[in-house]
Amino acid sequence: MRSKTAILIVVLAGLHLALLFAGFVAPRDPAAQDRALPYAPPTRLHFRDASGWHLHPFIYRWTVGPDGYLDDTSQTFRVHVLTRGPAYKLLGMIETDWHLFGVDEPGRIALFGTDGFGRDEFSRLLYGGQISVAAGLVATLIALLAGALFGVIAGYYGRLTDESFMGATELFLCLPWLYFLLGVRAFLPLHVSPARTFLLLTCVIGLIGWARPARLVRGIVLSARSRNYVLAARGFGGSDLYLMRRHIFPEVLGVLLTQAALLVPRYIAAEVTLSFFGLGVNEPLASWGNMLSTLQQYSVLVSYAWLLAPAAALVITSVIYSLLADTLHSRLKFHST
Amino acid sequence: MPAITRLTLPVCLLTAVCLAAGPAPEKPNPGEELERAEYVSGHYGGNLTVGGRAEPKTFNPVTATDAVSREVTGRLMADLIEINRASQQTEPALARTWKTSFDGRTFTLQLRKGLRFSDGHPFDADDVVFSFAVYMDENVDSPQRDLLIIDGKPLTVTKVDPYTVRFTLPRPYAAAERLFDGLAMLPKHLLEKPYREGKFVQAWSLNAGVSEIAGLGPFRLKQYVPGQRVVLERNPYYWKVDSKNERLPYLDELTFLFVGSEDAQVMRFEAGETSMVSRLSSENYNLLARERDRTRAQLADLGPSLEYNFLVFNQNDLGAKKLDAIAQKQKWFRELKFRQAISMAIDRDSIVRLVYGTRGAALWGNVGPGNKLWINTALPHPQRALDTARELLKSGGFSWNKAGQLLDCSGALVEFSIVTSSSNTQRMKMATLLQDDLSHLGVQVHVVPLEFRALIDRVFQSFDYEAAIMGLGGGDADPNPEMNVWTTTGTSHLWHLHEAEPATAWEREIDQLMQQQMITLDYAKRKQLYDRVQQLIAEQLPFIFLATPDVLAAAAPRVGNFRPALLDPCTLWNAEELYIRTPVESAGAR
Chain A
1 MRSKTAILIV VLAGLHLALL FAGFVAPRDP AAQDRALPYA PPTRLHFRDA
51 SGWHLHPFIY RWTVGPDGYL DDTSQTFRVH VLTRGPAYKL LGMIETDWHL
101 FGVDEPGRIA LFGTDGFGRD EFSRLLYGGQ ISVAAGLVAT LIALLAGALF
151 GVIAGYYGRL TDESFMGATE LFLCLPWLYF LLGVRAFLPL HVSPARTFLL
201 LTCVIGLIGW ARPARLVRGI VLSARSRNYV LAARGFGGSD LYLMRRHIFP
251 EVLGVLLTQA ALLVPRYIAA EVTLSFFGLG VNEPLASWGN MLSTLQQYSV
301 LVSYAWLLAP AAALVITSVI YSLLADTLHS RLKFHST
Chain B
338 MPAITRLTLP VCLLTAVCLA AGPAPEKPNP GEELERAEYV SGHYGGNLTV
388 GGRAEPKTFN PVTATDAVSR EVTGRLMADL IEINRASQQT EPALARTWKT
438 SFDGRTFTLQ LRKGLRFSDG HPFDADDVVF SFAVYMDENV DSPQRDLLII
488 DGKPLTVTKV DPYTVRFTLP RPYAAAERLF DGLAMLPKHL LEKPYREGKF
538 VQAWSLNAGV SEIAGLGPFR LKQYVPGQRV VLERNPYYWK VDSKNERLPY
588 LDELTFLFVG SEDAQVMRFE AGETSMVSRL SSENYNLLAR ERDRTRAQLA
638 DLGPSLEYNF LVFNQNDLGA KKLDAIAQKQ KWFRELKFRQ AISMAIDRDS
688 IVRLVYGTRG AALWGNVGPG NKLWINTALP HPQRALDTAR ELLKSGGFSW
738 NKAGQLLDCS GALVEFSIVT SSSNTQRMKM ATLLQDDLSH LGVQVHVVPL
788 EFRALIDRVF QSFDYEAAIM GLGGGDADPN PEMNVWTTTG TSHLWHLHEA
838 EPATAWEREI DQLMQQQMIT LDYAKRKQLY DRVQQLIAEQ LPFIFLATPD
888 VLAAAAPRVG NFRPALLDPC TLWNAEELYI RTPVESAGAR
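Top to bottom, those sequences are chains A and B.
Residues 1 to 337 (my numbering) make up the first sequence, in order.
Residues 338 to 927 (my numbering) make up the second sequence, in order.
Just chain A, with the same shape it has in the complex (with noise of 0.2 Å):
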């Protein structure tokens, strides 16, 4: 159990570490349009030419030909581990152009293909996969908090103040979110930075989330305040802050991180749902969103089955966190029995 849950935990880690430093992974400018290769598949590394095998991967250049895109096998491009290409500013603040790998001008290296504008999908996986997880962790970190706080004041102080709350949360659960938040999208001012527009989402994901978890946390609080060593905290003079830091919230820390995972997951396919609909992140800024609406285009989904790696993404990242979730769940079990 405890090395299913380590696994995990590197798993994401990697996976967050990767995204938050897209840049340096990436090796393209996510936004970089190359009109001669739109909807290139992706690029093929090889290990063997006509002279033989080679220890260092290498790829070939594109030709277009009437049937689609081709190998000009007359010239290869070495694979570069840490190398230099376009300058990006790594964590948004150190300008620098070293990037984990990549080929010689005039070579491209795409590694998943690349969309109907000729940009990089691999680069904008990463790039896009920043802003998408980042609005799922902001959203959850939102509602847990905000869940955290009114479950904890609902439960702890019962009568009207629980039943306001309560009322409240059911109020919040019965709002049909996905059409709520096109109606946020669809009021605000056409003139909305990126930025903004990504901060007032996940800022409104979050506080549409927090009913669920304040109810869960209300429920534990209800049992943990009658319990002998809260009454006798309370006996000794302990204030109900002091009881709820020391005794009360401790009781609904594992009940928050299963949400927390649980949640990331949730959020990270809403803002992807705002995206493909075109109410989330627009170009030329990429999310996993916008890069996936694409595909409601059928001769696009059908053609090019690389576009759906930000899906594969989505899946991939959404079963890590439900496993994780899991996992936390049957240890707090556990530790409870």
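None of these hints come from the bench; they were simulated from the model.
Among the hints, erroneous ones may be present.
The calculated lysine-lysine pairs, modelled on DSSO-like cross-linking and capped at a C-alpha distance of 30 Å, are [stated by the list, open to error]:
(1) 739/B to 89/A
(2) 530/B to 490/B
(3) 450/B to 394/B
(4) 864/B to 436/B
(5) 864/B to 674/B
(6) 766/B to 89/A
Here are the simulated distance ranges between beta carbons [as the list claims (entries may be wrong)]:
(7) 724/B to 21/A: 33 to 39 Å
(8) 183/A to 658/B: 21 to 27 Å
(9) 428/B to 315/A: 58 to 64 Å
(10) 83/A to 564/B: 56 to 62 Å
(11) 659/B to 179/A: 27 to 33 Å
(12) 196/A to 861/B: 56 to 62 Å
(13) 168/A to 746/B: 26 to 32 Å
(14) 463/B to 303/A: 54 to 60 Å
(15) 199/A to 531/B: 55 to 61 Å
(16) 83/A to 709/B: 50 to 56 Å
Model, not experiment: these values are computed from the prediction.
Heads up, the beta-carbon is just placed ideally off N, CA and C, and yes, glycines get one too.
Start from chain A and add chain B according to the hints.
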């Protein structure tokens, strides 16, 4: 096996076939003045199914405004004179001949004798007079009414005898015979009562019974299943015959399936559920081309359409609108050098390649290469030149900061948003390409996809937008339908709507030229006038023209006489000539 049992199956099958087939065509009789299509041959029978993007809103051709309703009613009805979609020239329809008076104001039309509506009732001049009375009635509010009001005065229609009608125009009107295309002749015996009772707008709604609707088109209504399909059957009295003197149409039935998006239409076509698709995107066309070996589909790339896609800047008067931020930017939008620089920075070839997959053409004016009769071929086609664009901006008082961002003369950052329809993937792609193109000039562009109705509201009503990518044209090749775009009082004068009078000298000149070409009857002189209009538009750039797609269509191998055309309805304009090939014929046609 008893004889009765052996006979049951064939009898049932025969009955089913008889019930499914449309009514048999009437034999042509000597009293009928029928139109003979010498070049057409085929054979009777079969059902052709086509996919539609939506349901029709009405079967009433007078009130129909949406493309689907017009496509369906167009097969049920006929006009006095029609535009042949293949030749783009007018040709006789219900009117056998017509004469124009010397001053170009009077048209005398001779109607064909012996014609009957699809319910068997005879057609004569009374139906024509009634139809035009309906079209020109303000209470009916037909979209065609504007065409019949010239200089604020309606044309007058007089019955000379049962088969002769005279039309008098308030003043000469170039290519006036083209007006008659799209004005369906109505059966007075069926529609006079609802019209007199003030219920014409409600007549022939989707709830109308099949027997209540009759027309002079090749088909008549057989069945309407809400949400699913409209089935038309052969009009047994249709007024055209083929080269063998057999009455058209060939098809027993024509079915419109309500399929939805273009993608859904392509899927249904690939699955063999429909037999024709029109107005394909290049991606879907290429998809069908790749599968041609399997499907044996007939594909047609008819070349550049008459549609023009363009970028328009908001130059409307915003006085009372409280749109200060946009009003500030209008200083740039009204600057010719700014518009010229933007135009010079646009890579139109990339648009054609990436948006239309090379199945389209770049545009520098409102008339594209598809309109061979009216295009001004002398107009220059300047290629993308960023240096020239920068020079233009510099001479217009613009400058750049250290980060390479464009600043106006007051030091404000030059950035604007482009709105476009979120459901139009091609225009969305154009916006993304423009965003990248203009970033090389230091202009920051925000692309804002909007739901189509929200877009129309902003562009036509609230003026709450900075720039938009839109498309117009595609109707007729003649300049007259463009009057509402280029004259200052036009309802589609998008860059500056509701102008009391021309704001600039060149707009005033365009007004005069357009009015003049409308009353000039000689083609060469009209062409000269319209060439000058095109030149002014290309120089002054109220629209920055981008590209036009090719007209692309496909049909199953079993569809005979498939002859799509540039003008709408591109695949069904010759529905009466279409026929279902036998398997042997289909194989031979490959």
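Going through the hints against the structure:
1. 739/B to 89/A: 18 Å, holds
2. 530/B to 490/B: 27 Å, holds
3. 450/B to 394/B: 33 Å, violated
4. 864/B to 436/B: Within the cut-off at roughly 23 Å; holds.
5. 864/B to 674/B: 29 Å, holds
6. 766/B to 89/A: Holds, because 28 Å separates the two Cα atoms, which is no more than 30 Å.
7. 724/B to 21/A: 33 to 39 Å: Since the Cβ atoms of residue 724/B and residue 21/A sit about 38 Å apart, the hinted range of 33 to 39 Å holds.
8. 183/A to 658/B: 21 to 27 Å: With Cβ atoms ~24 Å apart, the hint holds.
9. 428/B to 315/A: 58 to 64 Å: Because 59 Å falls inside the window, the suggested range holds.
10. 83/A to 564/B: 56 to 62 Å: 59 Å, holds
11. 659/B to 179/A: 27 to 33 Å: 30 Å, holds
12. 196/A to 861/B: 56 to 62 Å: Hint holds: Cβ distance 58 Å, inside 56 to 62 Å.
13. 168/A to 746/B: 26 to 32 Å: 53 Å, violated
14. 463/B to 303/A: 54 to 60 Å: Roughly 57 Å apart at Cβ, these two residues keep to the hinted range, so it holds.
15. 199/A to 531/B: 55 to 61 Å: At 58 Å between Cβs, range holds.
16. 83/A to 709/B: 50 to 56 Å: Holds - the Cβ-Cβ distance for residue 83/A and residue 709/B, about 54 Å, lies within 50 to 56 Å.
Checked against the numbered hints given earlier, the structure breaks hints 3 and 13 and satisfies all the rest.
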